[in-house]
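Protein sequence lines, in the order shown, are assigned to chains Z and P.
Taking my numbering, the leading residue of the first sequence gets 1, the next gets one more, and so forth.
Taking my numbering, the leading residue of the second sequence gets 1001, the next gets one more, and so forth.
Just so you know, the hints here were simulated from the structure itself, not pulled from any lab data.
No false leads were mixed into what you were given.
Have a look at the derived ranges for each label pair, beta carbon to beta carbon:
(1) P:T1373 to Z:A126: 52 to 58 angstroms
(2) Z:P4 to P:A1306: 39 to 45 angstroms
(3) P:E1718 to Z:G58: 49 to 55 angstroms
(4) Z:M5 to P:V1581: 56 to 62 angstroms
(5) P:S1164 to Z:G121: 56 to 62 angstroms
(6) Z:P4 to P:S1245: 28 to 34 angstroms
(7) P:K1202 to Z:M5: 52 to 58 angstroms
(8) P:N1640 to Z:N120: 25 to 31 angstroms
(9) Z:G121 to P:S1307: 54 to 60 angstroms
(10) Z:M5 to P:N1158: 57 to 63 angstroms
(11) Z:S18 to P:N1432: 29 to 35 angstroms
(12) Z:N120 to P:D1638: 27 to 33 angstroms
(13) P:E1210 to Z:A75: 22 to 28 angstroms
(14) Z:A75 to P:D1196: 51 to 57 angstroms
All residues carry an ideal CB built from backbone N, CA and C; glycine is no exception.
Here is what each chain is made of, one letter per residue.
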Amino acid sequence: MILPMEKFTLNINDQKVSIECAPDTPLLWALRDQLGLTGTKYGCGIAVCGSCTVHLDGTAVRSCSLPISAINDKAITTIEGVGKDGLHPVQKAWIAENVPQCGFCQSGQIMSAIALLEQNGNPSDADIEQAMSGNICRCGTYIRIRSAIKNAAKNNV
Amino acid sequence: MKPNPSNNKLFKVSRRDFVKIGALGSTGLILGVPLGCKQDKNAFLTGREDAVFAPNVYITILGTGEVQLIAHRSEMGTGIRTSLPLVMADEMEADWTKVKIIQAVGDVKYGDQNTDGSYSVRMFYQPLRIAGATVKLMLMQAAAQEWQVDISECSAVNHEIVHSSGKSLGYGYLAEKAGALPIPEENEITLKDSKDFKFISKETVIYDLEDIVTGKAVYGLDVQIPDLKVAVIKRNPEAGAGIKSFNSDMATAIEGVTKVYKMESTAFPMGYNAPLGGIVVVANNTWTAIKARDAVEVVWDKGINASYDSNAFMQQMQRSVQKEGQVKRQQGSATKALKEAAKVIESDFLVPHLAHSPMETPCAVARYNADGTCEIWAPVQSPQWVRQAVAEALGIEESEVTINVTLLGSAFGRKSKPDFVVEAALISKEMNTPIKLLWTREDDIQHDFYHSNCAQHIKVGIDKNNKVTSWVHRTAFPSISGTASADATGPSSDELCMGVLDMPFEIDNISCEALDAKAQIRIGWLRSVHNINHAFAIGSIVDQVAQAREMDPVDNMMDLLGSDRKIDFTALMEGFNNYNVKLEDYPYDTHRLKQVIQLVKEKSGWGKSLPKGKGMGFAAHRSFLTYVACVVEVEVDDNNNIKIPMVHFAIDCGVPVNPDRIRAQFEGGAAFGASLALKSEINVKNGAVMEDNFNNYLVARITDAPINTVVHFVENEEKPTGVGEPPVPPFIPALCNAIFMATGKRITRLPIRL
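One chain only, chain P, in its complex shape:
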């Protein structure tokens, strides 16, 4: 398979930064001397110990044979730190046991590093295959040159170039020689045939597995550097509101407290970089800092959102969706068709604010140096954004900021936002000492960037021939942009393309409408984002439609999807966004959605008869370019306790790069969905979040999460797409529909309260 270089913009950008280094510190050409052990009399495995072959920013081969692969994406549990390096290792025929993964600092030379939106594999699969294949070609060229043979007589096998005569040279031995060669053009590169893959689509365990189970893995909170002091911040319960006065006498009297001072607040909407401000407490250790913070007395000021009440806001949104909103997609006349309908199915759907609550709370270590530079160690999803934000806050150049990315103790979108790192950097500068900033769990839950709460109304018209003829979907939710701009008064088109405007049903009369809702608290993107709300509503109403049409829910869904086609959404509306890629590159293909539905139907035992109190529910949804169908089985006992014994997913994510980690994302996605469906809810009163820890912001435990989750893959050679977010959206309505079957209770509001 030949790559198409014209499609490969990212790779081209990074090529500019390609550096070639021969032997470090050498003054002339020194022929490689094999130092390592020999496999047989003809095999030279290693070269000069100080030889370095780094043909691109992602791959370095040392004279020792060690291959260093850069992980430029952040590891928050998806396995990406393993999955992308193994793509390179496969193309370059590296021995995985000789691979060392190096976590990249934040730097534009690596291309996009923002680990978000389920696009790491999608965006980098092809460029990193080419990077690996380029290295392999250069090693083959170097060996051919050494042996004075034609390159066609050479092949790459497990960290060696082998000649047809049987002799071989190791990658370490060839490193220096390959480093002297020009970098081949992309059109000279041949990628492997998928049948020859050694790592791609095979099972590779995560690189950090043993470190994790032995407690050695280093997360942001574990970073230790000399002279570190610990900081915590007491923040106004209302985001963006300031401080009238404070008294720190009791706090500073505690032994080990270094300083208590005020950090200015930034008024709402403050964006994603600005610290919330508050009273900073710096101490010798964490416990002293926490105790001293409790001892600070503060009189808080009020800001513009002092009256925000999420319950009243929800009622207001729910009222608003009863009337027509701004029509964002229209086909035919839904109003007319509804008037003529024999049956109208309609319902409201409500979803509360949610918090990310990653297991590791936001935290960062910052060292502002005497020379005005700053070094950061932190669990961040977007190190380049953090670098920019820290430089701006400190008034220094980006080149003076180093962002070291640690492992992330999960993130779900929270650690995309740089605010907590900026806090740490500012405190380090103020204190002139290295600082570890800890957000306690209370800080995390009360000062998050919350998932948009949302009210929806859906109306579906069915004619006398039992055909669905009209679809009206109205949604109201505060925009993520509302955190940064007072002008963002409601959903943006981009946000509506997560489950509203990309509705795939073949219905003649459609009206998709948005209603205003203004952010009055920091809003941010949470795993799966608005798809959570919209897939819940659509997946649930479709089940009601099936019931009204007296059809099997799967058959009803297939009927609604209609013909096999690639839907040209751009012709249907203005400003359609297909997860920031072109529809022609990643079409919305109803055939692929129908395939996963068919597969889940076959594998799940769909339609089997179940005793009272048990139910099976179905839903399907495409998000982040990945097609997912889900069947959930539930048991509901007489006390309304809900158990989820089995979940089946059928998925089409193109080529499955690391199948075990894909399964893990779906297992975890179902558990995450179980949290949102059954447990989690953020309530705001007088501008302040009422929940503050895992005793009242509830999440799924082992007793709540699915007991089994099985993932079935559609096998194809399509371009790979992401799997971090796509599991969550269809799981929730599938669960709700299963509960309906088990109990007859229709769920229209999350979290589920039977």
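For reference, chain Z alone in the conformation it holds in the complex:
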């Protein structure tokens, strides 16, 4: 289907930004191609790998499958926007546990983990598995992801 370009105003990391794109453009590609926010990654394009995870009004969403036209004035937070005063505690926990290997999926992992901890300050293993099962890591850093989440929870994120 051919859709003409439209103008959109988005609220990203507490800033209003205007872009012009086709309304079915996934948020992921607007962030990466047009806004230079490349911390959010492409992994599958069909919302099954979690690499593109961002927050929409605080909830973890897969930006590869979220059309720009569906966002309206909802607040978007990307990996670039989570540490307002330096590193976010979850990022610190990721560093403390030396989680990343190649690192490509870790923005998405961290975004899912922050969303989990904001809703549940003391997640059980089952809670962690449920919240994080949408995020694939091909390097297999899952053990350290689990311990980083517990580490962050202990430090009252």
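With the hints as your guide, set chain P onto chain Z.
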């Protein structure tokens, strides 16, 4: 410890390229003037800001004191971009906080850059120690000269040369003076004693850690240069088949589409460099390119593999291994011993095609310039190979191609192959504009260089005294060479040395046999390569043998390994390949394999009694010169859901250069093994791959991967060997054997379906 220069060919090659530069742009000798802050009244830390001391291609010291260390290997998650620079930093007594790591472009002056085969540390540990120690010696010589003292009164301490009187000079201050000295001969160099290591065998976090967790790290897909357009390619589902016709009217009608055109296909077997060809769509941005590609209508041609059916092929391979194949290793008479055996244990083992599916799909940015040169930014494992391939495809000299290596969003062998970069370069030339080429996940899974599918048959004869007397191992799989040559009709000797011909058991009658199987799709090397298939089969049959002999699996393995010895495989067969190094330099030492087995037995709580539904399994395997033993614990519930609460590895990789990253490779290797064992499978019908994304090409998630993995090191001073690939092979049979203990079900086919 003195290095042995005669063993150091690589270093010698790179020495030819050594350049020495004093102060950049200076016209005469200018004495260094300390510019930096002083630690005490005697300490001069820095020198001229523009001073550059670059005694070899890997190390540069600036007048400011900044030490620039070249990372000439590709970072795909192993930590190599940190681990090799820290080896240099240790020998030169550098302050790690003053080290800047510079990623090398693809250039032969750095020596081998092919980050593959788990050999980066093995190959470069010693040369880079010497490089670092050389720099330290020159800095000491410069300080001794400055102070007019004997060098024996000087020592290097944390980025300074210190005199016995207490005065000191910083590396920055000494840079220019050291640059005026001749480079010492290798026999003048003394390497550090291991007890004095500051970074080697200690815990050093990866250089890019903070950039990664803040989203600032730059992977291939993140590269932005001016005037960039995005390209995607619609490829024939059958690799190597061409295009009959296409209609791009709908695609070009989309706003933002620049061009839709045909890229010629190369017929199978096309090798590793040639683009698959297809319909190229170039647009202003990624989403427009993807949408426009969907709108292109194509009538595909058929190629020589249009009837390839991986299921039928597997059945054919399985039939073939029931009969004797080409005997590649023979000792005694296995046939005769099997006839005389009291018991024969035999089984077939099947492994499907697998895809690499690195988290970051293949991608590349290419800029073909008006002057006929070309610059590339891409996540590649082998930048020199890519440079060669791009030059050849564009018809220009290698010197006219620059390959900038970004971080790799994992690779597992996929990003060794230059094909995707060549595509980007050709499109940039065609379009006369900078191009970012994206492989979507569908492209990645449907057009990979797949892991060889494989059928095996193993027969083991046990005599009336419960002794194992015969071993027959037959394997059939398409060779990796089949992607490049129609003459490659079956496994090569090199490939068989990954788990078949290097079988270490002390058995009198042995026959290792290969059976033909022809590649009908692009085949490539995947992390651990053929060891995946062969360790699965051997590790599983050995467990069956233990059961038949009514022995503990660990005791059975120790018994099969027999005496402590360095196995002279070259005397047992023609063309033995020990991972491209001499057996005398890196022997297959059964004592070292037995040590890791003993260690894992002690540490894992092996033999403890377990409730119903739980099991422990064991396997051990040497690959890529590293010895690994593994114990896996599983829980299988009534619905056959498999959980892996604990994995123990015991490993001997020689000196552990960066222990935390070694542990990470084993944790990740177990998760990778869990993907292959439990989830992943590529099926091909009518020449086309059926799976196309992570919704049907399944990989381990946090719910599937081991919950804990513990790594136990054998401590020794052996030469370091790689750890990227060795974790995967023994994990899979250890898991299968654990499932057998938990359920009584013997796994002979991957992925596991209970």
